[in-house]
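Here the protein sequences come in this chain order: A and B.
Going by the UniProt record's numbering, the residue at position 31 of the first sequence is 31; the numbering climbs one at a time, nothing skipped.
Going by the UniProt record's numbering, the residue at position 128 of the second sequence is 128; the numbering climbs one at a time, nothing skipped.
None of these hints come from the bench; they were simulated from the model.
A quick note: this is a predicted structure, and the numbers were derived from the prediction, not measured.
Mixed in with the good hints there might be a few duds.
All copies of an identical chain are treated as equivalent in the list; a pair is satisfied when it fits inside any one copy or across any two copies.
Below, simulated DSS-like cross-link-like pairs (lysine-lysine); rule was C-alpha separation at most 27 Å, straight line [claimed, not checked]:
(1) K183 with K250
(2) K250 with K109
(3) K18 with K208
(4) K208 with K109
(5) K183 with K18
(6) K62 with K109
(7) K250 with K208
(8) K250 with K62
(9) K208 with K62
(10) K109 with K183
(11) K208 with K183
Number of protein chains: 2
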Amino acid sequence: METVSENRAFGGVQGVYKHHSHSCHCDMTFGLFLPEEARDGPVPLLWYLSGLTCTHENAMVKAGAQQWAAEQGIAIVFPDTSPRGEGVADDEAYDLGQGAGFYVNATQKPWAPHFNMWDYIAEDLPSFLQEEFPIDMSRQSICGHSMGGHGALTLAMALPGRFRSVSAFAPIANPTAAEWGRKQLRAYLGDDEAAWAAHDSSVLMRDKGFDGPLLIDVGSDDQFIDLLRPEALAGAITERRQPATFRLQKGYDHSYFFVSTFMEDHVAFHAEALYAD
Amino acid sequence: METVSENRAFGGVQGVYKHHSHSCHCDMTFGLFLPEEARDGPVPLLWYLSGLTCTHENAMVKAGAQQWAAEQGIAIVFPDTSPRGEGVADDEAYDLGQGAGFYVNATQKPWAPHFNMWDYIAEDLPSFLQEEFPIDMSRQSICGHSMGGHGALTLAMALPGRFRSVSAFAPIANPTAAEWGRKQLRAYLGDDEAAWAAHDSSVLMRDKGFDGPLLIDVGSDDQFIDLLRPEALAGAITERRQPATFRLQKGYDHSYFFVSTFMEDHVAFHAEALYAD
């Protein structure tokens with residue numbers, strides 16, 4: 001592990017670290033905020049999965065999450081959104097390839113050897129965090145923004161018992177039916193749409209649901225709302241009678257100004273689940 | 001005026017605007033957060049002056065100030081740190097020219113025609129804000145970071161009655177005696193050091209002081225502390241018996257992680273002065 005940087009923040013430490021990912025077959029960089037309490041023993045962990053074009057850094061500097069994590073005594077990890085570096089495939093489009101891993105394991109060329117973000121988030125990075133940092137892996141929750149909201153929702157539903165609560169800011173909620181989704185699922189997983197369903201939170205919500213609390217915020221003026229299709233997820237939540245809070249926030253758009261405005265609510269929501277029992 | 005962007009944030013609006021500056025003889029861009037209360041009438045104003053290399057954008061996205069301004073019902077303006085654009089002089093160094101205006105009116109070539117950041121902050125931008133936005137100009141306070149802390153302190157002391165309170169994060173506190181200062185003051189104001197004293201907050205503190213409350217935070221692990229010379233300002237404050245709170249924050253550095261950690265305190269400090277009487 002290489003320590004890229006460590007800055008004191010809100011009584012804790014905002015670190016940036018680089019490690020070798022066995023899933024992605026390359027070095028990966030992530031941010032980790034550890035609150036002051038981590039000096040005395042393991043603390044709960046909140047995952048924050050970022051959206052298209054982001055690295056580990058965007059939310060770390062713009063979402064204003066650390067202050068609330070410090071207040072609650074929980075750690076937050078900010079993974080990158082794709083493999084990167086020499087020999088890693090890419091595409092000219094902002095929404096495919098590097099910065100756009102979509103939290104799946106790619107089976108198609110040229111993505112297959114490195115683009116295994118599902119395994120990276122589900123297996124590789126958790127193992128590494130458990131070994132290297134004072135984190136209580138029995139207390140994990142997950143959230144994300146846009147493509148990261150998609151990742152948070154699909155991982156939470158596919159890994160029952162892993163995460164105590166899940167939330168999303170403006171998630172890509174129905175990728176099998178929108179251009180933010182169909183393009184990437186086809187590129188990474190191939191033409192057989194049956195393989196896509198495991199990566200659509202609206203489909204998963206209908207089929208499985210989530211055994212825990214769920215919080216979704218979407219801005220009513222989100223400029224990408226037609227690509228996100230929150231109505232599909234809202235419909236699935238309602239049909240399933242999934243315990244959830246789904247909020248349309250008047251006048252807000254897709255930006256980090258929207259995310260940071262409601263971050264306090266999301267961290268408090270997860271803290272309640274993380275400290276239950 | 002050109003509206004570059006407007007995003008809803010914390011119940012208010014984070015705008016970015018471009019206007020023609022009479023002082024700097026070029027177009028200037030600034031950020032302005034207006035809280036929800038501004039829809040009903042004029043609100044108090046907090047100035048945030050940024051440091052070397054920054055534009056209007058850095059603090060706007062990284063300092064986490066809007067949430068506290070929203071809570072207090074005050075506006076925050078984020079000016080740029082220098083003139084920019086075609087025909088505006090620059091230097092290869094990060095600490096001279098564009099991004100490094102140092103809040104002075106340059107008298108020397110090649111800076112003299114455009115680099116009038118003192119007048120821009122003291123006269124030009126206030127007039128513009130008063131004309132265009134619902135701001136109560138009888139209620140203003142000022143803060144800043146690093147070079148912006150220098151600007152906030154010198155403007156506050158040089159313009160008695162203008163600002164009700166002043167604060168700084170890791171200010172360049174004694175620029176006539178440090179390499180962050182001597183280089184720029186010589187370039188902008190010439191070799192006669194007598195002209196520099198009006199832009200040294202430690203000198204101004206000895207000579208005039210500030211008629212209001214003052215708050216200073218400096219990280220004990222600030223990597224630039226030898227260039228900032230906070231000890232000179234602390235000495236001057238003490239000798240003058242200036243009412244002030246001066247804090248060395250253990251383990252913090254010069255970054256926005258430091259600034260954002262203590263932003264809540266600074267905004268609350270200014271709000272108390274802005275709402276007095």
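Hint check results:
{"no.": "1", "hint": "K183 with K250", "verdict": "neither (30 Å within a copy, 50 Å between copies)"}
{"no.": "2", "hint": "K250 with K109", "verdict": "neither (42 Å within a copy, 51 Å between copies)"}
{"no.": "3", "hint": "K18 with K208", "verdict": "neither (35 Å within a copy, 51 Å between copies)"}
{"no.": "4", "hint": "K208 with K109", "verdict": "neither (31 Å within a copy, 70 Å between copies)"}
{"no.": "5", "hint": "K183 with K18", "verdict": "neither (30 Å within a copy, 38 Å between copies)"}
{"no.": "6", "hint": "K62 with K109", "verdict": "neither (34 Å within a copy, 38 Å between copies)"}
{"no.": "7", "hint": "K250 with K208", "verdict": "neither (30 Å within a copy, 49 Å between copies)"}
{"no.": "8", "hint": "K250 with K62", "verdict": "both (21 Å within a copy, 24 Å between copies)"}
{"no.": "9", "hint": "K208 with K62", "verdict": "neither (33 Å within a copy, 39 Å between copies)"}
{"no.": "10", "hint": "K109 with K183", "verdict": "within (14 Å within a copy, 55 Å between copies)"}
{"no.": "11", "hint": "K208 with K183", "verdict": "within (25 Å within a copy, 65 Å between copies)"}
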